[in-house]
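Participant: Keeping their order, the protein sequence lines are chains A and B. Take any residue in the first sequence, note its place counting from 1, add 539, and you have its number in the working numbering. Take any residue in the second sequence, note its place counting from 1, add 8, and you have its number in the working numbering.
Among the hints, erroneous ones may be present.
As the list claims (entries may be wrong) - No farther apart than 30 Å at their CA atoms in a straight line, the calculated lysine-lysine pairs in the DSS-like style are these:
(1) B:Lys328 x A:Lys944
(2) B:Lys133 x A:Lys773
(3) A:Lys773 x A:Lys677
(4) A:Lys801 x A:Lys773
(5) B:Lys328 x A:Lys801
(6) B:Lys129 x A:Lys944
(7) B:Lys129 x A:Lys1029
The set of hints was computed from the structure by calculation and includes no laboratory data.
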Amino acid sequence: MKRRKFDVAAVPGNTARAVDDRFQVATPLRRLLNKVFPDHWSFLLGEIALFSFIVLLLTGVFLTFFFEPAMTEVIYNGSYAPLRGTPMSAAYASTLDISFDVRGGLIMRQMHHWAALLFMAAIVVHMLRVFFTGAFRKPRETNWIIGSLLFWVGFLAGFTGYSLPDDGLSGTGLRIASAIMLSIPVIGSWVTAAVFNGEFPGTIIISRFFIAHVLLIPGLLVALITVHLGLVFKQKHTQWPGPGRTNGNVVGERMFPRYAIKQGGFFMVVFGVIALMGGLFQINPVWLFGPYEAWVVSAASQPDWYVMFLDGSTRLMPDWEITIPIGEGYVIPPLFWPTVVLPGILVAISLLYPFMEARHLKDYRSHNLLQRPRDVPFRTGLGVMALTFYVILTLSGANDVIADKFHISLNAMTWAGRVGLLLLPPLAYYVTYRICLGLQQHDREVLAHGVETGIIRRLPDGRFVEVHQPLSAGNGHGELDYAGWVVPKKMNRLGALGPAIRGFFYPIERPAEAPVSPGHPPVEPRPEREEITSGETRS
Amino acid sequence: MSSQTGQRALPGGEPLDVNDPRLSRFDIVREGARRDDIEIVHYEPQVAPGTKAERRLVRTVAGFFLLTGLAATAFLAIYIWWPWEYEPGRGGDKLYTPLLGVTLGVALLGIGFGILTWGKKLLPKEVSIQDRHEGAVPAEDQRITGETMAYMADELGVKRRPLLGVSLLAGLLPVGAVAAAPLVGGLISDPHKDDQMMTTGFAPRDGQKIRLVREDGRPIRPADISAGGQITVFPGVEHGVSNRYADSPTLLIHLREDDAEASRRNNEREGHGGYMWGNYAAYSKICTHAGCPASLYEQQTNRLLCPCHQSQFLITDNAKPVFGPASRRLPQLPIEVDAEGYFVATSDYTEPVGPDFWERP
Chain A
540 MKRRKFDVAA
550 VPGNTARAVD
560 DRFQVATPLR
570 RLLNKVFPDH
580 WSFLLGEIAL
590 FSFIVLLLTG
600 VFLTFFFEPA
610 MTEVIYNGSY
620 APLRGTPMSA
630 AYASTLDISF
640 DVRGGLIMRQ
650 MHHWAALLFM
660 AAIVVHMLRV
670 FFTGAFRKPR
680 ETNWIIGSLL
690 FWVGFLAGFT
700 GYSLPDDGLS
710 GTGLRIASAI
720 MLSIPVIGSW
730 VTAAVFNGEF
740 PGTIIISRFF
750 IAHVLLIPGL
760 LVALITVHLG
770 LVFKQKHTQW
780 PGPGRTNGNV
790 VGERMFPRYA
800 IKQGGFFMVV
810 FGVIALMGGL
820 FQINPVWLFG
830 PYEAWVVSAA
840 SQPDWYVMFL
850 DGSTRLMPDW
860 EITIPIGEGY
870 VIPPLFWPTV
880 VLPGILVAIS
890 LLYPFMEARH
900 LKDYRSHNLL
910 QRPRDVPFRT
920 GLGVMALTFY
930 VILTLSGAND
940 VIADKFHISL
950 NAMTWAGRVG
960 LLLLPPLAYY
970 VTYRICLGLQ
980 QHDREVLAHG
990 VETGIIRRLP
1000 DGRFVEVHQP
1010 LSAGNGHGEL
1020 DYAGWVVPKK
1030 MNRLGALGPA
1040 IRGFFYPIER
1050 PAEAPVSPGH
1060 PPVEPRPERE
1070 EITSGETRS
Chain B
9 MSSQTGQRAL
19 PGGEPLDVND
29 PRLSRFDIVR
39 EGARRDDIEI
49 VHYEPQVAPG
59 TKAERRLVRT
69 VAGFFLLTGL
79 AATAFLAIYI
89 WWPWEYEPGR
99 GGDKLYTPLL
109 GVTLGVALLG
119 IGFGILTWGK
129 KLLPKEVSIQ
139 DRHEGAVPAE
149 DQRITGETMA
159 YMADELGVKR
169 RPLLGVSLLA
179 GLLPVGAVAA
189 APLVGGLISD
199 PHKDDQMMTT
209 GFAPRDGQKI
219 RLVREDGRPI
229 RPADISAGGQ
239 ITVFPGVEHG
249 VSNRYADSPT
259 LLIHLREDDA
269 EASRRNNERE
279 GHGGYMWGNY
289 AAYSKICTHA
299 GCPASLYEQQ
309 TNRLLCPCHQ
319 SQFLITDNAK
329 PVFGPASRRL
339 PQLPIEVDAE
349 GYFVATSDYT
359 EPVGPDFWER
369 P
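Next up, chain B with everything else stripped away, as it sits in the complex:
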């Protein structure tokens, strides 16, 4: 720890001769830092070599690393030999993922804390100061760069030969469009093709009215639903019960006598007279707000709630929205019973089903 102050260069002073054999390695490090405008102003060992504190810290770090090895080995053993295949019930396979997580987590935390302890406790503490050199960019440099760039434009002579610039622009613009064209052209798809936004699976085919069917495909008789009950129905066509007809799921509701009376009255007012069959009414299940299935039907109040954004529709009043963000009532499906006694759709929905859009008539 002898003093070598005399040979140390002050910041901005003469650089140190790094070939001087009397310099320690740290002196060279500090000289290097200095050349990068970094001053190491505080450098102090945290533990004295050979002390109890040092040995304890070394043991801690080593312990962390060994814990990692242990946990990682456990991970491998579990990964290979633990029964992992899914079995119904409470088998050991339910512990497979948690055990992997714990062993992997402990292994990674062990190495993490080991490294952190090493770096934070065993390494000497240091405070260094580095100059930011901000705002030190001389205005002259900025000017030189600016002039260099301006001179490039001069060399090209765009100013003197404006035709070149204009024609280049005129030539490149279509090239840009060429790059965009395949993407836009490939993706674009006419939303009104086959009137797809206005029709559902209930549109009559070949003059044949479409039956209402359950999820398993069976048609429905009026007696299948008790008063106050409801059932989700689908168009009785091929793949009718699938996402191919994502706009077709419909709620068939058997209203109680007085509710049905009110409902019929309100239907007449809206020009939907005859849409109901007896005390049965069918409304689209697809919320007019964001397209979730509005599927929580409250029998007491005849309200239908959409669980996504809590729009509520009053079934006895044409499924009018009475609360929440929906602004349009659920479309009603006109229904009747065919000769064999099964429900059919008299026609398709008379207004578009599902979320609202700009050109909705």
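Bound-form chain A, shown alone:
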């Protein structure tokens, strides 16, 4: 064999050794590669928010190359004929340019907007998942707080973002925002004057919103998201109860390659869906709204969906004005309560909830196992109650559209919202509580008496009874304890029936999977698989 001067095959090994000699990374790297993550579809909701945020950063940077955050008055002279010759702000004109005169600018704008909506939606759904499964309990209260803050910072990011084009719709939103600031007792007019540099609209608000939207708020978001993920990493993810799963371990897959591959693939899917939405579904067609003019508004002026609940609360608020007869008299306008006080209360409740619940239950232990919503009826009830409250407010934010489309009186919609906001949440609590108890009872019933087989037996005396398949090995009843996870309730979950035939063009035959916790293979190795190998043949 000829001796080579330079052995190519040894390069990676040598490089790795050289790096490790200097930085000692081998052990931490192995820990990282090996870190175990539990897997369940509901753990991916937060990821959607993260991935949308990455898309937001990418598309957002593109948009800054073309957007001019100025309120200088210009005469539009771009491609969009209907608005040519119209005086408008430079911000609005450059938004039109992005939409019509920058090649591929419109899809970037629309992807950015869709990604923002998806970001907020994913945050909310992720938050519901965390709430209903009790994942916020000790030791994860900090991450719950950061998550709640992320919603509100995202809210600000969204509002400052869609105000930037300075179109007819967003300008109206901005005017309402100025009215909200103005309604704050004592300091309201000073706050508004400071933000707008004088009277609304002034000439500087778009520039200020721009720097907030592209630097300050994203910086804050990046910081919060980093800590959020860091804590998930440090504290390790929660997991559903199941065979082999305890409060002290994590059962799942190692991070590399399986978990990382799933993450990467999922990112691409989220990105792809946003691209499809950005291309196919029109959003915020600012050229139809025209530039912002203080005297123009149209019916059905709705903000982005995550702002609609505040719009709704504002619409439902009665005209309760508080006057304070001191000196010349002072006023607290009705606008103050639904737009400043209500969000304040919501923030406080969401931030404090983990501590309030721990105090209420006198439960100060660490919890790494999730709870099924049915097993904690009061929390599930509270969650559904809050959700009902939120949904009524959001629907009320569009009550003029509903009234119009369904031919209902607008005033009736408002009154329905006012009454519904007070009556429906408690009702939702009660109904949810009862449903949870019913589900619990049915779980216990199946554990005690077995699964319904669908086989009817006729007894000698003529009665018909359904045969039940007990879940325990013995013939006895009530031997099984509820373990906090899915109880099989159908015979084919027990492997008693043939599996459904899979395959699109021709059947794919696979053995039925044993009943497992959602989405997981059983932990106990089957006897014939005792020998663990990589599948490679070796001598």
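Chain A is already provided as a structure; the job is to place chain B on it using the hints.
Facilitator: Leaving out everything else, chain B in the frame of chain A:
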């Protein structure tokens, strides 16, 4: 697949000698995992090598990746050659953005599903168990760290030399204020400067009464509005029809005879007698609730609706709020007709226009 059970260390037992040449790579991987307190308890190939199932999966994944290449190429071709510039009408440029979206979306979904299929179907299934080590922090460690930090305070001797701490605090507090001062001082702006919250573009200038003009700047004669009709008017000053006078847009309404009668009566009661001119009345268009233009005027009921939050104002009764969240009536602009027969504002609004605020008189 020979058995090497004898050489495997049990968890917590002796570590495996990784230099043993008989070990497979997987044995080393598993040993590494073990040293991180991870037990790989289940590891099973999902497809047997060389089977039809494997080949089919490989074809699927490869198909996804090739689809990505195809879609991405299509994206580039469309991006470069498709006519994209805006043309009025139903030109091909209307398809530009949808086509970009579809090709980009398919390209990204292709790579996404390809990777996912690879990871979920072709890779062996695995279940690993990692110890959390939670609550394993020995109380001793906590104590040592605590003592270390307490000792830092001892070293500094703040307790013995309280003057140092107090003076440091006294020195740093103003520094904090210095950091905040430029921001607060720069942003702050007196909201009552030039009485800006109380005046609009209709304030008379140099004793000259301001005309009411249309959006195109033309002044208005009474005959321009038919009974029951209304028009948005602006102060006839430079830039009067612009956002610089965002609080000035006003609704000029020609009331029908009996409505005007009721309206005049109610005006007298509120001390607004003489604000109307004939059957014409002018009310601020800026909603007193949140500042939207209250612009939906219903002729039959003489109600003005704000489309933002559905406040409704009864025009014949001083624009009193009759429904919704608004608590204050729309301010009325006193109007008359000048010598040339055009509408002018007799004076500015007599109360502040727009959303309510704390110190509103």
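Participant: For this structure, which hints from the list above don't hold up?
Facilitator: 5, 6
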